[in-house]
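Colleague: With chain R held as given, fit chain U onto it using these hints.
There are 2 protein chains.
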Amino acid sequence: MKKNLLYAQSGGVTSVINASAAGVIEAARSYGARIGRTFAARNGIIGVLREDLIDTDLESKAAIAALKHTPGGAFGSCRFKLKPFSEARAQYERLMAVFAAHDIGYFLYNGGNDSADTALKVSEMAAKLGYPLTCVAVPKTIDNDLAVTDNCPGFGSVAKYVATSVLEASLDVESMCESSTKVFVLEVMGRHAGWIAAAAGLAQRPDFDLPLVILFPEIPFEQDKFLARVAHQIKIYGYCTVVVSEGVRDANGHFLSEAGGSDAFGHAQLGGSAPVIAQMITRELKVKHHWAVADYLQRSARHISSKTDLEQAYSVGRVGVDLAIEGRNATMPVIERISDTPYRWQIGVAELKRVANKEKKMPRKFISKDGFGITDACRRYLQPLTLGESPPPYRDGVPDYVRLLRLSVERKLPIYRIEDA
Amino acid sequence: MKKNLLYAQSGGVTSVINASAAGVIEAARSYGARIGRTFAARNGIIGVLREDLIDTDLESKAAIAALKHTPGGAFGSCRFKLKPFSEARAQYERLMAVFAAHDIGYFLYNGGNDSADTALKVSEMAAKLGYPLTCVAVPKTIDNDLAVTDNCPGFGSVAKYVATSVLEASLDVESMCESSTKVFVLEVMGRHAGWIAAAAGLAQRPDFDLPLVILFPEIPFEQDKFLARVAHQIKIYGYCTVVVSEGVRDANGHFLSEAGGSDAFGHAQLGGSAPVIAQMITRELKVKHHWAVADYLQRSARHISSKTDLEQAYSVGRVGVDLAIEGRNATMPVIERISDTPYRWQIGVAELKRVANKEKKMPRKFISKDGFGITDACRRYLQPLTLGESPPPYRDGVPDYVRLLRLSVERKLPIYRIEDA
Chain R
489 MKKNLLYAQS
499 GGVTSVINAS
509 AAGVIEAARS
519 YGARIGRTFA
529 ARNGIIGVLR
539 EDLIDTDLES
549 KAAIAALKHT
559 PGGAFGSCRF
569 KLKPFSEARA
579 QYERLMAVFA
589 AHDIGYFLYN
599 GGNDSADTAL
609 KVSEMAAKLG
619 YPLTCVAVPK
629 TIDNDLAVTD
639 NCPGFGSVAK
649 YVATSVLEAS
659 LDVESMCESS
669 TKVFVLEVMG
679 RHAGWIAAAA
689 GLAQRPDFDL
699 PLVILFPEIP
709 FEQDKFLARV
719 AHQIKIYGYC
729 TVVVSEGVRD
739 ANGHFLSEAG
749 GSDAFGHAQL
759 GGSAPVIAQM
769 ITRELKVKHH
779 WAVADYLQRS
789 ARHISSKTDL
799 EQAYSVGRVG
809 VDLAIEGRNA
819 TMPVIERISD
829 TPYRWQIGVA
839 ELKRVANKEK
849 KMPRKFISKD
859 GFGITDACRR
869 YLQPLTLGES
879 PPPYRDGVPD
889 YVRLLRLSVE
899 RKLPIYRIED
909 A
Chain U
489 MKKNLLYAQS
499 GGVTSVINAS
509 AAGVIEAARS
519 YGARIGRTFA
529 ARNGIIGVLR
539 EDLIDTDLES
549 KAAIAALKHT
559 PGGAFGSCRF
569 KLKPFSEARA
579 QYERLMAVFA
589 AHDIGYFLYN
599 GGNDSADTAL
609 KVSEMAAKLG
619 YPLTCVAVPK
629 TIDNDLAVTD
639 NCPGFGSVAK
649 YVATSVLEAS
659 LDVESMCESS
669 TKVFVLEVMG
679 RHAGWIAAAA
689 GLAQRPDFDL
699 PLVILFPEIP
709 FEQDKFLARV
719 AHQIKIYGYC
729 TVVVSEGVRD
739 ANGHFLSEAG
749 GSDAFGHAQL
759 GGSAPVIAQM
769 ITRELKVKHH
779 WAVADYLQRS
789 ARHISSKTDL
799 EQAYSVGRVG
809 VDLAIEGRNA
819 TMPVIERISD
829 TPYRWQIGVA
839 ELKRVANKEK
849 KMPRKFISKD
859 GFGITDACRR
869 YLQPLTLGES
879 PPPYRDGVPD
889 YVRLLRLSVE
899 RKLPIYRIED
909 A
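These protein sequence lines are chains R and U, in that order.
Just so you know, the first sequence maps onto residues 489 to 909 in the working numbering.
Just so you know, the second sequence maps onto residues 489 to 909 in the working numbering.
Rather than coming from a laboratory, the hints here were simulated on the basis of the structure.
Just so you know, these numbers come straight off a predicted model, no measurement behind them.
Do not take every clue at face value.
What the hints assert, rightly or not - No farther apart than 30 Å at their CA atoms in a straight line, the calculated lysine-lysine pairs in the DSBU-like style are these:
no., chain 1, residue 1, chain 2, residue 2
1, U, K776, R, K846
2, R, K776, U, K569
3, U, K776, R, K849
4, R, K723, U, K900
5, R, K571, U, K776
6, U, K846, R, K569
7, U, K569, R, K723
8, R, K774, U, K571
9, R, K776, U, K571
10, R, K571, U, K723
11, U, K571, R, K723
12, U, K723, R, K569
13, U, K569, R, K774
14, R, K571, U, K774
Said to hold, decoys possible - With the C-beta cut set under 10 Å, the calculated list includes, among others, these residues of chain U facing chain R:
no., residue
15, A780
16, S794
17, V886
As the list claims (entries may be wrong) - Some chain U residues near chain R, calculated using beta-carbon distances under 7 Å:
no., residue
18, L546
19, P694
20, T874
In this text, a Cβ means the ideal position worked out from N, Cα and C, and glycines have one as well.
For reference, chain R alone in the conformation it holds in the complex (with noise of 0.2 Å):
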């Protein structure tokens, strides 16, 4: 008995959410004697609260492909949390009704923490409310930060940009250092944890030294000794690169990049924890700085993604597929590590619940005893995830990403406004 794909994008996008989406959509014409039609909502769940379907069968197969080298989430993404069902059982009952009429078998959710939530409720609330569905949620998330999973797919792709590139500004640095700028400081995202701004350790090699100070989420930001580490590091070799995480507290837990209106720093700001060490430095050390805010550059940066982490990224769509088949309700396909040297990795299966409002933290073993660098137990955990390139299709110098047709499939239900809910 033939039923009817849903698939979603949900939370911040990466360079390969849109792979694990070509992951989905290729599983499923391949399961044509299981499946029907395929369809994807447009802006995550709020697109199927909406009934605002979009149908992939309308996509050429070159299209579909074509996903796997696009950046961003082809069929629109949303920062939306359901409310408990005791709170708004109206809203399940309406996700329910939108999945009857159009013979939704299969749910795919593809996210990080909040959508494995999402896509938990959503299975528990289907069984409660009597509707055949089975759920699956698919990983994404660049924070990393997802439970039960090895890695996350999306995060070794912003780990190899933020590597490469903290490796080719050190280099101009370098260059200029005996008469212009000795600090650059290059902020990245990590709002709780401080997997992206290790990244910037790959940098480094055992032939290649560079004077990097990494400032963690984890670590609490003592001023003196974090100035007295970058003269240090100027001293020596001339220069200093900074990567500080967006998330960086002070001792009393509030985010460096709100220094504005605390003591500490003294100056009120716009946000954004580069510039307000890039000043302190100038302040204190009376050295030249320089400073850049990666921000959605580093998450949408296709052109540079790791060809481990795309291969990832698809194998976590096509998996999630198979379960949906297989019944497997509630789970989430996950990346197991086989071995670190040569690097081997298979798909592995967890139970949502397992999941779902968990947050695994970078163990404090990653991050050396000084608090400003990587542990080579970190470096041999994250360098097998920026392995290979797979760099996008480029036309008359620019990359050829695809949009897609993302034709809506005609409503069957009364219009819901969300803001009803």
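Modeller: What follows is chain U alone, placed relative to chain R:
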């Protein structure tokens, strides 16, 4: 009669300045009958004054070839302007003493406007002081503002980086705008001219529309007009990408990035035009923003250098040596455009006095009438410069850049302190 060649790098480095170095050194090695040894000054003209020279003959053929894929300035660069002869005759006498001590007959100085001026001064003073020297400038600047040459080595790669980053980040925001960020602001370099900002326009194509607003230093910033344009883009597309040059000023000539002290925006802040623009958008339009500052990342991003730019950078290095050998004193190789489509170019020659202390502005006809975008003429000019890819080799997930031995040439003169000059 063999003479030695001295090469030096000057000013802000680029992702391909080392390709020019490779061109110089490989060409010099091929002129064994005319050129004795090939030296490089450490940190530009500073290294000449200090007699701090590097013996490039001790670098392997493979290491010199690897310069073509390595960003930064392999021999060190500098920000240092020679004083006029009338104020600092001793400085010029020192330069000649160093040239004489190391039998330098050819001096190749690789840089931008200031460096062309330095090269011209050195050549004039050599003549005045009776030292036989052929002095050639090798062009380089991401600012693309050198006179005579159609474009400047280093710029095409920044243009490719900016266009690609804007495209990628825009796809990211497009995915999220329904329930999250609606405006993304990217700050790019260009204190005086909007060439780099203009390159963002290449992210748009006739068949791939993006809601892009570019703020050029050439166009005085008008807050109301700008906000109306952004609001319009959000209304039509759901989001907007803003690319702001670091050099944007208001009608009174004040830099936006110094708006901290200005009444117009009213908030003290730490520099950077992106955070000023971003805060303005959220304050006035009540939408969520994200902002990024590319800073050194854009000019050091060898991983996404333009192949055309790379080939041009290498060629001006090689031709620079040809000119030196031919005794074409006080000249500079320039890039001449033969045709736009297909793009064809050749290397020509310019007298240094036509280049030094000139600045090529972006023509007004390259900026659209409304001041927020580029024209077709601009696109025809820019696009060829970004054509082709030439990625570096990777090792363990990160580019495999080279660091030279940089072994010093034995000193023959008394120590000279630049501070005393």
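Colleague: Run every hint past the structure and note whether it holds.
Modeller: Comparing the hints with the structure gives:
1. U:K776 to R:K846: Holds - the C-alpha atoms of K846 of chain R and K776 of chain U are around 27 Å apart, at most 30 Å.
2. R:K776 to U:K569: holds (18 Å)
3. U:K776 to R:K849: Holds: K776 of chain U and K849 of chain R sit about 28 Å apart, inside 30 Å.
4. R:K723 to U:K900: holds (28 Å)
5. R:K571 to U:K776: holds (23 Å)
6. U:K846 to R:K569: violated (58 Å)
7. U:K569 to R:K723: holds (25 Å)
8. R:K774 to U:K571: Between K774 of chain R and K571 of chain U the Cα gap is close to 25 Å, so the pair holds against 30 Å.
9. R:K776 to U:K571: The hint holds at about 23 Å.
10. R:K571 to U:K723: At roughly 29 Å apart (the allowed maximum being 30 Å), K723 of chain U and K571 of chain R satisfy the hint.
11. U:K571 to R:K723: Measuring from Cα to Cα gives roughly 29 Å; hence the hint holds.
12. U:K723 to R:K569: Holds, because 25 Å separates the two Cα atoms, which is no more than 30 Å.
13. U:K569 to R:K774: holds (22 Å)
14. R:K571 to U:K774: holds (25 Å)
15. A780: Hint on A780 of chain U: holds, closest Cβ of chain R at ~4 Å, below 10 Å.
16. S794: Holds. Min distance 7 Å.
17. V886: OK, holds: V886 of chain U within 10 Å of chain R, min 5 Å.
18. L546: violated (19 Å)
19. P694: Status violated, d = 11 Å.
20. T874: T874 of chain U check passes; min Cβ-Cβ to chain R is 3 Å, inside 7 Å.
Hints 6, 18, 19, counting from the list given before, are not met by this structure.
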